[in-house]
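Undergrad: Each chain is listed here by its residues.
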Amino acid sequence: MAQTSSKPSPIFPKGAAPLRALTVTMAVMCYLACLAIGALVLVNRAAEAWSQGIAREVTVQIREISGEDIEKSLRTALGILKTNPGVLDAKALDRQEGIKLLEPWLGKIAMDELPVPRLIRVAVDEQAPPDYPLLEKSLQSNVKGISLDTHRRWQAELARMGRALTLLASLVLALITLASIMLVVFAARSVLEANRSVVEVLELIGAEDKFISRQNDKQFLNTGLLAGFLGLLAGLVTFLALGFSGSAAGDSVAAAGRSLLFAPVDVELRLWAGLLLVPLAATLIALWTSRLTLMRMLRQHA
Amino acid sequence: MIDLESVALRYQSGPDILKDVNFQMRPGELRFLTGPSGAGKSTFLRLLFFALKPARGKARILKRDVASVKARELPLLRRKLGVVFQDFRLLDHLSVFENVALPLRAMGQAPETYERDVLDLLDWVGLKGRTADRPDTLSGGEKQRVAIARAVVTKPELILADEPTGNVDPALARRLLHLFLQLNKQGTTVFLATHDEALIAQANGKAIHLEGGHLRDL
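In the order they appear, the protein sequences are chains A and B. Mapping of the first sequence onto this note's numbering: position 231 corresponds to residue 231, and the numbering continues sequentially without gaps. Mapping of the second sequence onto this note's numbering: position 61 corresponds to residue 61, and the numbering continues sequentially without gaps.
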């Protein structure tokens, strides 16, 4: 009587070949979804960091004008800047530092004779920034050849790029979701086709559709959960491997991996919420699409 | 129990397999359906377990007009029927006990409520010692006895059997026939399709013959 005291066996046979194939494929889709979520969080974080870095600083540039003492102009400008509300610090770069900044574009050439503009790096209070038009007007009325660069253009460019990358990652996520749904629909059909004889017997003995559906749910629930967590695990292992790969994968890749693993609390929360949604979404997709497919099949039988 | 008036049956737009069939069967009766292979015996049975609707005529089974039965009503109607097939239709991944208990499980009954009944039933069909075995380890005769036990576990009003002795030797066929006769003695209506005329003679039962789409009494 051992069979009566133990839990009844599942009515649909365990480990049908199409179900195993579905588990593997869905696990891969979940893994890709985890990578896309990681990329999404990373891009958002990078775009925020760049924007903040740019917003914290402005640059003042003074062109060399014949007859003007550029050192005196620098001192005047520094005087105006340091007394202006919203300016935290202002530091003039010496001529060599300015030349060094041009090297990426001009290469290492003799620039002693060239009129290289002098730069002042200005740290501003992000919360209460200076009145830039007023500051620029004040600088221009006191110093000839002076201009103020607030980096607004770069900031806008970065924000645009950040938005584009976010959209791209979201699109990848949406495509993965769509592909997963299609996969489950086809796999559910194959599984149900493989179990057609079981469904026929169940219908013959007077099983109601909801009973058959419950038996079907159990197998797809297990498949969705298993695939979701396998994909999540593989995703986390990838982030860890990237974070600790160091020179093997290149510093920027390792830094990206580390920045995902050791991000500030709010970013970590966003990342984990996104990642934990993957097995949940996989389970729901597996459950609902297979249920709809089964119901359609049962309606055709009736 | 069964009342057919000028019934024609066909699959979709194919030719008529049954033509102008009239047949009545009262509760508690035992009837055999004979006929050559391909005569439409299985199709006739499909009508009786609500898997086919008549193309023409009127068919009433278990006091229900087959043509008007809705899909959602089928499970409750089929629980009043017990169907046995030549190819057994057992689930190989379930034990003998679980196969027999399947209709009760599908009705939402808990194992502890049906355990005794199922074991008694397996004892009746002579398979008490095989309860934990899988169907693929059983002989053809044993499989058919499991199928019979499954068909009667819900105490149906009507038993339909499609060539139940088709895959077993004559000695075993007699044993299986004995089970159906016992069920009929207990008051269950039994309708048995077979091409084994010796079996019908042995049971001394009333038979109808299906050939060329027409039904006639033997």
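Honestly, I wouldn't trust all of these hints.
[As the list claims (entries may be wrong)] Mimicking BS3-like on lysine-lysine, the simulated pairs with C-alpha atoms at most 30 Å apart in a straight line are: (1) B/Lys155 - A/Lys210; (2) A/Lys210 - B/Lys206; (3) A/Lys144 - A/Lys100; (4) A/Lys210 - B/Lys53; (5) A/Lys218 - B/Lys70; (6) B/Lys53 - A/Lys218; (7) B/Lys128 - A/Lys7; (8) B/Lys80 - A/Lys210; (9) B/Lys128 - A/Lys14; (10) A/Lys210 - B/Lys70; (11) B/Lys80 - A/Lys7; (12) B/Lys155 - A/Lys7.
Derived from the structure by calculation, the hints contain no laboratory data.
Undergrad: Hint by hint, say whether it matches the structure.
TA: Quick rundown of the hints versus the structure:
{"no.": "1", "hint": "B/Lys155 - A/Lys210", "result": "23 Å, holds"}
{"no.": "2", "hint": "A/Lys210 - B/Lys206", "result": "40 Å, violated"}
{"no.": "3", "hint": "A/Lys144 - A/Lys100", "result": "24 Å, holds"}
{"no.": "4", "hint": "A/Lys210 - B/Lys53", "result": "24 Å, holds"}
{"no.": "5", "hint": "A/Lys218 - B/Lys70", "result": "28 Å, holds"}
{"no.": "6", "hint": "B/Lys53 - A/Lys218", "result": "33 Å, violated"}
{"no.": "7", "hint": "B/Lys128 - A/Lys7", "result": "20 Å, holds"}
{"no.": "8", "hint": "B/Lys80 - A/Lys210", "result": "19 Å, holds"}
{"no.": "9", "hint": "B/Lys128 - A/Lys14", "result": "27 Å, holds"}
{"no.": "10", "hint": "A/Lys210 - B/Lys70", "result": "16 Å, holds"}
{"no.": "11", "hint": "B/Lys80 - A/Lys7", "result": "27 Å, holds"}
{"no.": "12", "hint": "B/Lys155 - A/Lys7", "result": "25 Å, holds"}
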